[in-house]
Structures are given as C-alpha cells and as structure tokens.
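Residue numbers (my numbering), protein chains in the order written: chain A, 95 to 194; chain B, 8 to 281.
Derived by calculation from the structure, the hints in this document are not laboratory data.
In this text, a Cβ means the ideal position worked out from N, Cα and C, and glycines have one as well.
Check each hint, because a few of them may be wrong.
[Claimed, not checked] DMTMM-like, lysine to aspartate or glutamate: derived pairs with alpha carbons at most 20 Å apart: (1) A:K144 / B:D76; (2) A:K114 / A:E145; (3) A:K162 / B:E38; (4) B:K15 / B:E62; (5) B:K19 / B:E48; (6) A:K162 / B:E48; (7) B:K19 / B:E41; (8) A:K98 / B:E54; (9) B:K19 / A:D160; (10) B:K99 / B:D76; (11) A:K162 / B:D45; (12) A:K97 / A:D175; (13) B:K19 / A:E118; (14) B:K141 / B:E41; (15) A:K162 / B:E54; (16) A:K97 / A:E194; (17) A:K97 / B:D220; (18) A:K114 / B:E115; (19) A:K144 / B:D45; (20) A:K162 / B:E40; (21) A:K114 / B:E48.
[What the hints assert, rightly or not] From the structure, some residues in chain A lie toward chain B, with a derived Cβ separation under 7 Å: (22) G112; (23) Y117; (24) E132; (25) S133; (26) A137; (27) A176.
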Amino acid sequence: MLKKDLLELCLLQLLSGGDKYGYEVLTPLRAAFPDTQESAIYALLRGLGKEGFTSWYMAPGGGGPDRKYYRLTPAGQSRLDALRTDWRHMRDAIVSFGVE
Amino acid sequence: MNRAKEAKPLTKEQYLKTFSRAVRWRLPPQESEEAIADYRELIFQPERDESRLAEELGEPVQAAHLLTDVATYRQWLKVFAVLAFGLFLLAKWTFTAHSSFTYFLGYERWWYPVWVMAVGMALSLYWFRRHGQKNGPMSKWLVLALAAVLIYGVGTLAWNWYVMSPGFLNIYRETYPHVIPWQIILQRELIINGGMVCALIALAGLVLAKCYDRRWLALYVLALTVAALCGFIIFHMKGMSLDYPSADMIQSYLFARLIPIGAAGLIGTGVALC
C-alpha cells in the first residue's frame with residue numbers, strides 16, 4: 095500500500111461520514127499528512143471523481159456563495175471497502191514483525 | 008532578486024491568476040474551468056491564510072501540473088511547436104520573399120506556403136476535433152476577429168486582382184523602372200504586413216483555441232490561409248517577369264490558383280467552427 099493509497103483511504107473514509115465541501119476534505123487530510131500539499135490531495139479527489147468513486151453537487155455555503163459538495167458513490171463505497179481490507183492486511187503484516 | 012520574490016508571497020488573486028493561466032494551457036477548456044472554480048472556492052475560504060497560500064496549496068504551476076494528463080499535454084506541445092514553426096515560416100517568407108528550402112527541395116517555391124497551410128490545417132483540425140472542447144456560446148470577439156481577417160484577405164486579393172489586370176500591368180511595364188506606382192507599393196505593403204500580422208493572429212487563435220474554446224481555431228485557419236495566400240503571391244511576384252509575353256495572363260494564372268486555396272481555407276474555417 096503506497097502513501098497515495100493511504101491518502102485515498104482516508105479521503106474516502108472522510109466522505110463516508112457524510113458529504114463535505116472541498117476545504118472540509120483537504121484541511122484534515124493536510125493536517126494528517128503535513129508533507130502533502132493540498133494541491134496533491136485535490137488532484138487525488140478529482141481523479142476519484144473521474145473514476146466514478148465520488149460525485150459532486152452545488153449547495154449553499156455558510157452565508158457565502160454556493161459550495162461544491164463531494165459525496166461517495168456506491169462504486170466509491172466498494173473501493174473504500176477494498177482499501178480497508180488492504181490496510182488491515184498490511185497492518186497485521188507489520189504487527190507480525192513486532193512493530194507496534 | 009530571488010530572495011525579494013520569495014519574501015513577497017502571492018496574494019489570493021495573484022495565485023488564482025497564475026494557476027488559471029497554467030491550467031488553461033494544460034487542460035481542455037471545460038476541465039480547466041472546473042479546476043479554476045474549485046481553486047477559487049478553496050483559495051477564498053475565509054479561514055485561508057494568504058501568507059501561507061503557496062505553502063499549503065503548492066506553487067500554482069506545480070498545482071496545475073498535478074492535474075495534467077502528461078501524455079496529452081506533451082502531444083499538445085509537439086503539435087503546437089509544429090504549427091508555430093509553420094507560422095514563423097509564413098511570416099519569414101512574406102517578409103523576405105526568400106526561402107532557403109529552394110536549395111534542398113528545388114520545387115516551385117510559391118507552393119511552400121500552401122504546403123504549410125495544408126499541414127497546419129490538417130494537423131490542427133485533427134488535434135482539436137479530438138482533444139479540444141467547445142466552451143459555452145461563441146464569443147463575439149471571435150466573430151469580430153474573423154470578420155476583420157476575412158475583410159483584410161478579400162481586400163488584399165481584390166487589390167491584387169486590380170494590379171495584376173492586363174491594363175494596369177501594361178502601364179506599369181512602360182514606366183518601370185523609372186517609376187514604381189503607388190498601387191504596387193500598396194500591394195507590397197498589404198502582402199508583407201498582411202502575411203506577418205496574419206501569422207501573429209493565427210498564433211493568437213491557436214492559443215485561444217487551446218485555452219478557452221476550440222472554435223477559436225477558426226481564426227487560426229482563416230489567418231493561416233490569408234498568410235499562405237500572401238506568401239504565394241509574394242513568391243510569384245519575385246519570380247515574375249514583366250517582359251515575358253504572357254504577362255497579360257498573370258491575373259488569370261494566379262487567381263486560378265488563389266481562389267481554390269482561399270476556398271479550401273474557408274471550408275477549413277467552417278469545419279473549425281462546427
């Protein structure tokens with residue numbers, strides 16, 4: 095599992111908790127992966143949309159202009175499940191070496 | 008100087024402007040508009056600290072690069088290089104009325120601008136029909152630019168029709184080389200300046216077609232056609248002998264070739280607009 099896959103896992107996990115607008119997605123991910131710039135996370139988010147794992151809609155923002163909200167699609171949910179399984183396997187493999 | 012640049016971070020507006028320019032050059036128009044709208048939303052969040060913009064989001068050009076389909080972008084750069092080189096040749100030929108290719112190719116040089124036009128039209132139409140995108144209603148600036156180039160092209164051809172008419176050429180033959188009539192000077196200026204300016208307009212059309220809407224390619228095709236016609240005429244003028252008995256036939260000889268070339272350009276312009 096590469097860092098990109100970990101980022102993708104976290105991003106899809108974040109969206110599984112409910113629809114979020116761009117800044118709401120990017121900020122916690124950047125806090126969790128400080129050496130990754132938001133542009134890279136945005137590129138990943140856009141790529142997921144192109145692959146059909148996420149979709150978007152416009153909705154009123156908090157008093158300001160409309161915001162673009164991202165939501166997980168059924169294909170995205172399946173992708174999240176697959177990534178979760180990969181992550182568990184990797185975690186177990188690492189733990190088996192005594193890494194905690 | 009670099010230190011001074013680093014010391015002054017980009018404002019939100021400057022960041023978005025640089026990003027927009029970079030992303031428009033790299034992505035198809037609709038995708039770039041979407042990315043710009045997304046970045047506008049991200050940048051202008053009230054919580055966003057302007058002084059940390061590049062640190063958080065990355066440099067604007069780098070951010071645009073991350074969204075780029077590298078294979079398509081590289082292909083575009085190659086296509087652009089070929090088309091821009093063609094325009095450079097047309098501008099050079101109309102300005103100098105000379106081509107070094109004559110030494111290698113040896114073929115009648117007045118056809119060189121037509122070859123450049125054919126390659127430019129075919130390559131650009133193929134690439135933009137495949138990778139370009141329309142973007143909203145047609146720009147009124149495009150209509151105005153097309154009208155201006157068309158008027159210039161038709162005007163230049165009409166003037167050449169006049170100065171190449173047997174009646175005018177016979178008068179010219181009698182006075183040359185003592186007097187060069189103003190009609191000939193105007194013809195030369197129309198061709199030289201028209202060729203160079205149209206090559207520049209075609210380049211602008213190409214860039215606008217990539218960045219905003221593929222229908223701007225119509226401007227490239229039309230201006231390319233006018234530049235090629237100017238090149239065709241000026242090469243002929245340079246090789247023309249007024250002492251040759253068939254000088255009376257120059258007008259019909261030249262226009263029998265100019266009209267089909269112009270018609271091909273107009274068809275290409277129409278295809279680019281569709």
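For this session: Below or equal to 20 Å on CA atoms is what counts here, so check B:K19 against A:D160.
Result: Roughly 19 Å separates the two Cα atoms, so the pair holds.
Exercise. Hey, A:K114 versus B:E48, does the alpha-carbon distance stay inside 20 Å?
Worked result: Roughly 13 Å separates the two Cα atoms, so the pair holds.
Exercise. Holds or violated: A:K162 with B:E48, Cα cutoff 20 Å?
Worked result: holds, 8 Å
Exercise. Holds or violated: A:K162 with B:E54, Cα cutoff 20 Å?
Worked result: Holds, at roughly 17 Å.
Problem set entry | Restraint check for A:K97 with B:D220, where alpha carbons must lie at most 20 Å apart | Violated - the C-alpha atoms of B:D220 and A:K97 are around 37 Å apart, more than 20 Å.
Exercise. Are the Cα positions of A:K114 and A:E145 separated by 20 Å at most?
Worked result: holds, 18 Å
Exercise. Hey, B:K19 versus A:E118, does the alpha-carbon distance stay inside 20 Å?
Worked result: Satisfied, since the Cα-Cα distance of roughly 19 Å is no more than 20 Å.
For this session: Assess, step by step, whether the Cα of A:K162 is no farther than 20 Å from the Cα of B:D45, and give holds or violated.
Result: Since the Cα atoms of A:K162 and B:D45 sit roughly 8 Å apart, the hinted pair holds (cutoff 20 Å).
For this session: Take the C-alpha atoms of A:K144 and B:D45, compute the straight-line distance between them, and say whether it is at most 20 Å.
Result: holds, 15 Å
Problem set entry | Pair hint B:K141 and B:E41, alpha-carbon separation not exceeding 20 Å | holds, 14 Å
Exercise. Under the criterion that the straight-line Cα-Cα distance not exceed 20 Å, is the pair A:K114, B:E115 satisfied?
Worked result: violated, 66 Å
Exercise. Quick one, is the A:S133 hint okay against chain B at 7 Å, beta carbons?
Worked result: Hint on A:S133: holds, closest Cβ of chain B at ~4 Å, below 7 Å.
In summary, the numbered hints that this structure violates are 8, 10, 17, 18, 22 and 27.
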